[in-house]
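A.B. asks: For reference, the chains in residue letters:
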Amino acid sequence: KWKSHVESQELYLKHYQLVCSASIVILMQLGFTFLEVGSVRVQFTKSILMKNMVDMILSALMYFVIGFGFAFGDGSASGGFIGSTNFFLISETNISDIHHSSAGWVYHWSYCATAATIVAGAIAERTQLVAYGVYSIIGATFLYPVITHWIWSETGWASVYNPNSLIAPVLDDAGGIAVHTCAGMCSLVACFFVGPRQHRLDRKGKFVKDLPKQNQSFIVFGMFVLWFSWYAFNAGPAILAAGEDEALMGNIAVYTTVCAAASGASYLFISVASRKKLPEPGDLCNGILAGLVCSTSGCSVIQPYYGIVIGSFGGPIVIIVSKLLRKFKIDDVVDAVAVHLGCGVWSALSAPFFANTVPNTNENATFKYKSCGIFTGCSEGWKYLGSNVLLTLLTMMYVTAIITPTCFLLRQCKILRIKVESERHGVDIVEFEGPAYNHDLKSRKSKLFNDT
Amino acid sequence: KWKSHVESQELYLKHYQLVCSASIVILMQLGFTFLEVGSVRVQFTKSILMKNMVDMILSALMYFVIGFGFAFGDGSASGGFIGSTNFFLISETNISDIHHSSAGWVYHWSYCATAATIVAGAIAERTQLVAYGVYSIIGATFLYPVITHWIWSETGWASVYNPNSLIAPVLDDAGGIAVHTCAGMCSLVACFFVGPRQHRLDRKGKFVKDLPKQNQSFIVFGMFVLWFSWYAFNAGPAILAAGEDEALMGNIAVYTTVCAAASGASYLFISVASRKKLPEPGDLCNGILAGLVCSTSGCSVIQPYYGIVIGSFGGPIVIIVSKLLRKFKIDDVVDAVAVHLGCGVWSALSAPFFANTVPNTNENATFKYKSCGIFTGCSEGWKYLGSNVLLTLLTMMYVTAIITPTCFLLRQCKILRIKVESERHGVDIVEFEGPAYNHDLKSRKSKLFNDT
Amino acid sequence: KWKSHVESQELYLKHYQLVCSASIVILMQLGFTFLEVGSVRVQFTKSILMKNMVDMILSALMYFVIGFGFAFGDGSASGGFIGSTNFFLISETNISDIHHSSAGWVYHWSYCATAATIVAGAIAERTQLVAYGVYSIIGATFLYPVITHWIWSETGWASVYNPNSLIAPVLDDAGGIAVHTCAGMCSLVACFFVGPRQHRLDRKGKFVKDLPKQNQSFIVFGMFVLWFSWYAFNAGPAILAAGEDEALMGNIAVYTTVCAAASGASYLFISVASRKKLPEPGDLCNGILAGLVCSTSGCSVIQPYYGIVIGSFGGPIVIIVSKLLRKFKIDDVVDAVAVHLGCGVWSALSAPFFANTVPNTNENATFKYKSCGIFTGCSEGWKYLGSNVLLTLLTMMYVTAIITPTCFLLRQCKILRIKVESERHGVDIVEFEGPAYNHDLKSRKSKLFNDT
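Chains as they are written, first to last, in our numbering: chain A, 86 to 537; chain B, 86 to 537; chain C, 86 to 537.
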C-alpha cells in the first residue's frame with residue numbers, strides 16, 4: 086500500500102510536470118505573436134493578430150475532437166500509419182500511459198499549436214484568414230498528428246515506443262522532424278503558392294531587400310519568450326525518464342543553451358564578416374532561434390559540448406536558406422523556412438552522428454538502441470541515421486502531398502489571397518476598423534464610428 | 086522515519102507547486118497591464134500603469150497585515166462569516182494545513198491581486214489614483230477575504246472544508262464566484278458611480294461606438310499571457326489532491342483549453358454572422374478570456390468534453406452583457422463586467438449541472454458530496470445547485486453593500502473622479518510629466534525639464 | 086532498492102526544480118530588455134537590443150567553457166580563491182552534488198547572465214557593442230564566477246559549504262552580494278569611465294533632469310516580468326533544502342512579496358511627499374525593484390514580517406543614491422547603481438541583523454551557524470555580520486580592480502564610446518539600417534534598400 090502511494094505520487098508528478106511544460110510551450114504563442122507582429126508592416130497588424138488567435142482556437146478544437154485520436158489512438162488497423170481511437174479524449178482509461186492521458190493531450194497540443202502558428206508568420210500580410218484557418222485545421226488533424234503517430238505512438242511504424250517498428254526507431258526527441266521540419270515545409274509550400282507580397286519586387290522584378298518591419302523590439306521580446314519556453318519544449322524526454330536519469334533535465338537545458346549561443350555567435354560572426362556591419366536585431370533573433378531548433382531532435386542524448394558544433398551550423402544555415410529563397414523569389418516574412426525547415430532538417434540529420442548510445446528500454450524491441458551515434462562509436466549508427474533521413478524526407482513529401490492540393494483548392498475558390506485593394510492599403514485599413522495603433526494624443530473620439 | 090521522510094518531501098512539493106502556481110498567477114498582472122494599456126487612449130497610459138502598480142503594492146500589504154487573517158483565520162467566533170486570527174502570518178504553526186501556511190498566503194494573494202486589478206480596467210481613464218487605492222485596500226481586506234472565508238476556509242459557513250457547513254458546500258474550484266463574480270460586480274458598481282468617460286457620449290447623448298484603443302497588439306499579448314497563467318490559476322485543486330487523483334492536473338488543463346477555444350469560436354462565429362465583418366482582435370480576446378472565466382468554478386470536476394458546451398456560452402454572454410451595459414450607459418473600458426461578472430456567474434451556475442459526483446473526503450461532513458452534477462445523475466444535485474446560486478447572489482449583494490457606500494463617500498470627498506481638465510487633455514499630460522511615449526527621433530533633450 | 090528508487094526520484098526533482106527556476110530567471114532577460122528599451126531614447130533602441138542578445142550569447146559560451154570551472158571547480162590549489170576544474174562541464178561526475186551538475190550550471194548561468202545584463206542598462210546609448218561584449222566576457226569569467234567561488238563553492242574561503250571556511254560563512258542566499266552588489270559596482274565603474282551622454286548636461290554644465298525615455302509601458306511590463314521571475318531567483322535555498330524545511334519555499338515567496346510592496350510603498354510615499362506630484366511609472370518601478378533586491382541576501386532565513394522593515398528602506402535608498410550620482414555627474418540610464426548596488430549592499434548588511442539562527446548543517450564546520458541574527462538574539466551575530474561586511478567590501482574592491490583597467494584599455498583602444506556622430510543622431514540611424522520602428526501606414530517599401 087505504501088509503495089502504491091509513492092507510485093501514484095510519482096505518476097501525479099509526471100502529469101504535473103507535463104502540464105507545466107505544456108503551459109510554458111503554450112506561452113510560445115506570445116513569443117511568436119511578438120515576433121510576427123514585429124516583422125510585418127504596420128498596416129497588416131490586426132490580420133496577423135487574428136491569425137494567431139484563430140490558430141489557437143481551431144487547433145485546440147480539432148486536436149481535441151480528432152487530432153489526438155489520429156496521433157496516439159490505436160493505429161494497428163492502419164499498419165501504424167494513423168490512429169483511430171481515443172477521439173474527444175473519451176476513451177482515456179490508462180492514465181499511467183502518458184501518451185493516452187489528458188496530460189499527454191495538453192503536452193502534444195502545445196507542440197501542435199506551435200507547429201500551426203509557425204506557418205502564419207511565413208505567409209503573413211497577404212493570406213486570407215479563411216485560408217489560414219484551413220491550414221490550422223489540416224495541421225492539427227492530418228499533419229502533426231499523423232507524423233507523430235509514425236514516430237512517437239505505440240503502434241507507429243517508425244516509433245521508439247513500438248517494439249516491432251519496421252525500421253530502426255527515429256531519434257526525434259523534441260520534434261526536429263515532427264514540429265520544425267513539418268511546419269517549415271508547410272511554410273515553404275504555402276509561400277510558394279501564395280506568392281510574394283505586392284511590394285516585394287521592384288520594377289525590374291527583382292526582390293527588394295526587405296519590406297519595413299514595424300518593430301524590432303517586439304521581435305527581440307518574442308525571441309526571449311521563445312528562448313525561455315524552449316527549455317520546456319525540450320524537457321519532455323527528461324520528464325518521462327524522471328528518476329531513471331536524474332541529470333537528464335540539466336543536460337538538456339545546458340545543451341539547449343549552448344546550441345542557442347553557438348548559433349547566435351556564428352550568425353553574428355558571419356553577418357559582420359560578410360557585411361562589415363552589424364545585423365539588424367531582428368535578424369540576429371533568427372540566428373539564435375536557429376540554434377534552438379538545431380537542439381531539438383537529439384536534445385536528450387547529446388553531450389552539451391557537442392552543442393557548440395551542432396549549434397554553430399544554425400547561423401550559416403539560416404543565412405544560406407534565406408538567400409536561396411530570395412533567389413527563387415519565395416517571400417517568407419519571418420524566415421520561417423530558413424529557421425524551422427533548414428535547422429529542423431539539420432537537427433534531424435546531425436543527431437544520429439553525435440548521439441550517445443542508448444539501449445532501447447523495451448527489451449523485446451527488434452532494434453537494440455533508442456539512439457546510436459556514429460561519431461560516438463555505435464557500430465550500427467548508419468542504420469539509425471537512415472531512419473532519420475528517411476523520416477525527414479517522408480515528412481517533407483507527406484506535407485507537400487497534403488498542402489499542395491489544399492493550396493490549389495483554396496486558390497481556385499479565391500480564398501487564398503487577400504484582395505489587391507487590401508494589400509495595397511493594408512488589411513487593417515480595408516477589412517478591419519482602421520489601424521491597430523492610435524497614438525494620437527488629441528483623439529478623443531473614434532472618428533470612424535459615431536453610430537451606436 | 087523513512088515514511089516521515091517521504092511525507093515531508095510530499096509536503097514540500099505541495100508547497101513548491103503552490104508557490105510556482107502563485108507566481109505564474111502573479112504574472113497575470115503583466116497580462117492585465119498589457120490588456121488595459123492597450124485598451125485605453127494614449128493620453129491615459131501612465132495613469133493605468135500607476136494603478137496596476139499601486140494595486141499590487143496595497144493588496145500585498147493589506148492582505149499580509151489583515152486580509153489573510155480575515156480569510157483563513159479561525160472564524161468560529163463570527164459563525165463562519167470572517168476569520169480573526171493569523172494576521173501578519175504570525176501564528177503560522179501548522180504548515181501541513183496549506184491554508185494556514187505561507188505557501189497558502191502567496192497562492193491566495195495571487196488570486197486576491199487578480200481580483201483587485203480587474204476593477205482597474207473597467208473604471209480606467211477617469212478615476213483618481215486615490216480612489217483606486219481605496220478599492221484595492223477594501224478588495225484585499227473586506228471583499229475577497231470575506232467571501233473566501235465563507236467558501237474555502239475550515240470554519241466558513243458554506244465551505245467544502247467545513248464538515249459542519251450550514252448548506253451543501255459551494256462548488257467554486259478556482260474562483261468563478263470568489264474572484265470573477267466578486268471583481269466583476271465590483272467593476273459594475275464602480276462603473277455606475279464613476280460614470281462614463283467624457284467623450285463616450287455623442288451630442289444626442291447616445292454612446293459612441295467606442296473610444297480609440299491605443300494598441301491592439303498589447304491587448305492580444307495580454308490575452309496570451311493570461312491564457313498561459315490560467316493553467317496555474319485553475320491548477321489549485323489538482324495540487325491539493327496530488328497523488329489522490331493523478332490525472333486531475335491534465336483534465337483541468339484540457340478542460341481549460343477547450344473552454345477557451347469553444348468560447349473564442351462562438352464569439353468569432355456570432356460576431357462574423359451578425360456584423361458580416363471580422364471582430365477587432367481586442368474584442369476576440371474578450372471572447373477567449375470569457376471562456377477561461379467559464380472554466381473556473383468547476384474546473385476540477387467537469388469532463389473536458391463538456392468544456393465545449395460550457396465554453397461556447399462565453400461568446401454570447403460577453404456580447405449580450407456588453408450590449409446591455411451600453412444600453413444602460415455604463416462605460417466599462419475593458420468589458421470587465423461582461424467577461425468577469427457575466428461569465429463568472431455562468432461558471433458558478435453551470436458547474437453544478439455538469440459536475441462529476443465527488444464524495445466529500447471528510448466522512449463526518451453533514452453533506453455527502455463535494456460536488457454533485459444534475460446532468461450527470463447525482464440525485465441531490467439541486468441542493469448543490471442551490472448553494473451555488475445562493476452564494477453567487479450573496480456575493481453580488483455583499484460586494485454591492487460594501488462598494489456602494491465606498492463610492493458614495495469617495496464622490497462626496499471629491500476624490501472619485503479626476504478633474505474635467507485632466508479628462509479633456511489626458512491625465513498623462515496634466516498630472517504627470519507628459520506623454521508615456523516619446524518616439525521623436527530628434528528629441529535629444531526632455532523639453533519639459535531643463536532644471537536640475 | 087526501493088529506498089534508492091525514492092532517492093533518485095528526489096534527486097531528479099531537485100534537478101527539475103533547479104532547471105525550472107533557472108529558465109524563469111532566464112526570462113528576466115525579457116524583463117530587463119523591456120525595462121532598458123523603455124528607458125532609452127528611441128534612436129538608440131537597436132543598440133540596446135543587440136547588447137542584450139550579445140550578452141546572452143557571450144555569457145553562455147564563456148560560462149560554459151571557463152566560468153563554471155572557475156566558480157565551482159576545485160579551488161583548493163588557490164586557497165579557495167578560484168576553481169580550476171570542470172571546464173566545459175566535462176568532469177561532471179557526481180550529479181548528486183548539485184553544484185557540479187548540469188542543472189547547477191543552468192541555475193548559476195541564469196544568475197550570471199542577470200549580473201551581466203544589468204550593466205548594459207546603466208551604460209546604454211553611448212557604449213560600443215564591442216566594449217559591452219568585453220564586459221560580458223569578463224563578467225562571466227572573472228567577476229561572477231570568482232565571487233561565487235568565494236561564497237558558495239565547497240572550497241571557497243568564505244563559503245557556507247566549506248566546513249573549513251576562514252571566516253564565519255557569508256549569508257548571501259540569492260546573490261545580494263554575488264549578483265547585485267557585483268553588477269551594481271560594475272555599472273558604477275563603467276558609468277564613471279564611459280561618461281555621461283552627450284545631451285545629459287545643459288549649457289551650464291548641469292545635468293538636465295532626464296533624457297526622454299521612449300516608453301513608460303515597456304518599463305512597467307519589464308518590472309512585472311522581473312517581479313514574477315524574482316520568485317524563482319530567490320527560490321534556490323528552498324529547492325536545495327527541499328524536504329528538510331517544507332515551509333521554506335512559501336516563506337521566501339511571502340518575504341519577497343512583502344519586501345517589494347514595502348519598498349514600492351515607501352518610494353511612492355517619499356516621492357509624493359517631496360514632489361507634491363506622483364512619480365513617473367518608470368520611476369516607481371525602480372522603487373519596487375529596489376525592494377526585490379533588498380530581499381535577496383537573507384531571503385531564506387528572515388521572517389516575512391521583517392520584510393516590511395527591510396523592504397521599506399528600498400525606496401529611500403534608490404532616491405538618495407540616484408541623487409548622489411546626479412550630483413557627481415554620473416549618468417546611469419536605468420538607475421542600475423541605485424537599485425542594484427544601493428539595495429544589494431543594504432540587503433547584505435541588513436540580513437545578519439534580522440536572520441534566524443540557523444545551525445550549520447555540516448557538523449564539522451568550524452563555525453556553528455549558517456546564519457546568526459543580531460536582532461533575533463544570536464550571541465555571535467557580530468562575527469557573522471563582519472563576514473557580510475567584509476565580503477561586500479571585497480566584492481566592490483575586486484570588481485573595481487578588474488573593471489578599471491578594462492575600461493582604461495577599452496578607452497585607449499577607442500572602442501569604449503561610440504562616435505560623436507552616432508551619439509548625435511542615434512546609433513540606430515548611423516550604424517544600423519534606420520529606426521527600430523516603422524509605424525508609417527503608407528510605407529510600402531523600405532526606402533533605404535532597394536538593391537537586391
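Take the hints with a grain of salt, since some may be wrong.
Put simply, identical chains are the same to the list, so a pair is met inside one copy or across any two.
[Stated by the list, open to error] DSSO-like, lysine-lysine: derived pairs with alpha carbons at most 27 Å apart:
id : residue 1 : residue 2
1  : LYS88     : LYS527
2  : LYS289    : LYS453
3  : LYS289    : LYS88
4  : LYS504    : LYS453
5  : LYS468    : LYS499
6  : LYS414    : LYS289
7  : LYS468    : LYS362
8  : LYS468    : LYS412
9  : LYS453    : LYS362
10 : LYS504    : LYS361
11 : LYS504    : LYS88
12 : LYS362    : LYS291
13 : LYS362    : LYS88
14 : LYS499    : LYS361
15 : LYS88     : LYS361
16 : LYS453    : LYS468
17 : LYS362    : LYS499
Because the hints were derived from the structure by calculation, they are not lab data.
A.B. asks: Taking the hints in turn, state whether each one holds.
C.D. replies: Structure-based check of each hint:
1. LYS88 with LYS527: neither (69 Å within a copy, 69 Å between copies)
2. LYS289 with LYS453: Classified as neither: same-chain Cα gap 58 Å, cross-chain 79 Å, threshold 27 Å.
3. LYS289 with LYS88: neither (75 Å within a copy, 74 Å between copies)
4. LYS504 with LYS453: The answer is neither: 56 Å in one copy and 62 Å across copies each exceed 27 Å.
5. LYS468 with LYS499: Result: close neither inside a copy nor across copies, 46 Å intra and 56 Å inter.
6. LYS414 with LYS289: within (13 Å within a copy, 55 Å between copies)
7. LYS468 with LYS362: neither (44 Å within a copy, 55 Å between copies)
8. LYS468 with LYS412: neither (35 Å within a copy, 71 Å between copies)
9. LYS453 with LYS362: neither (51 Å within a copy, 58 Å between copies)
10. LYS504 with LYS361: between (40 Å within a copy, 17 Å between copies)
11. LYS504 with LYS88: neither (65 Å within a copy, 68 Å between copies)
12. LYS362 with LYS291: within (23 Å within a copy, 36 Å between copies)
13. LYS362 with LYS88: Answer is neither; intra-copy 63 Å and inter-copy 60 Å both fail.
14. LYS499 with LYS361: Intra 45 Å, inter 18 Å, cutoff 27 Å: inter-copy only.
15. LYS88 with LYS361: neither (65 Å within a copy, 61 Å between copies)
16. LYS453 with LYS468: within (11 Å within a copy, 60 Å between copies)
17. LYS362 with LYS499: Answer is between: at 18 Å across copies they meet the 27 Å cutoff, but 43 Å inside does not.
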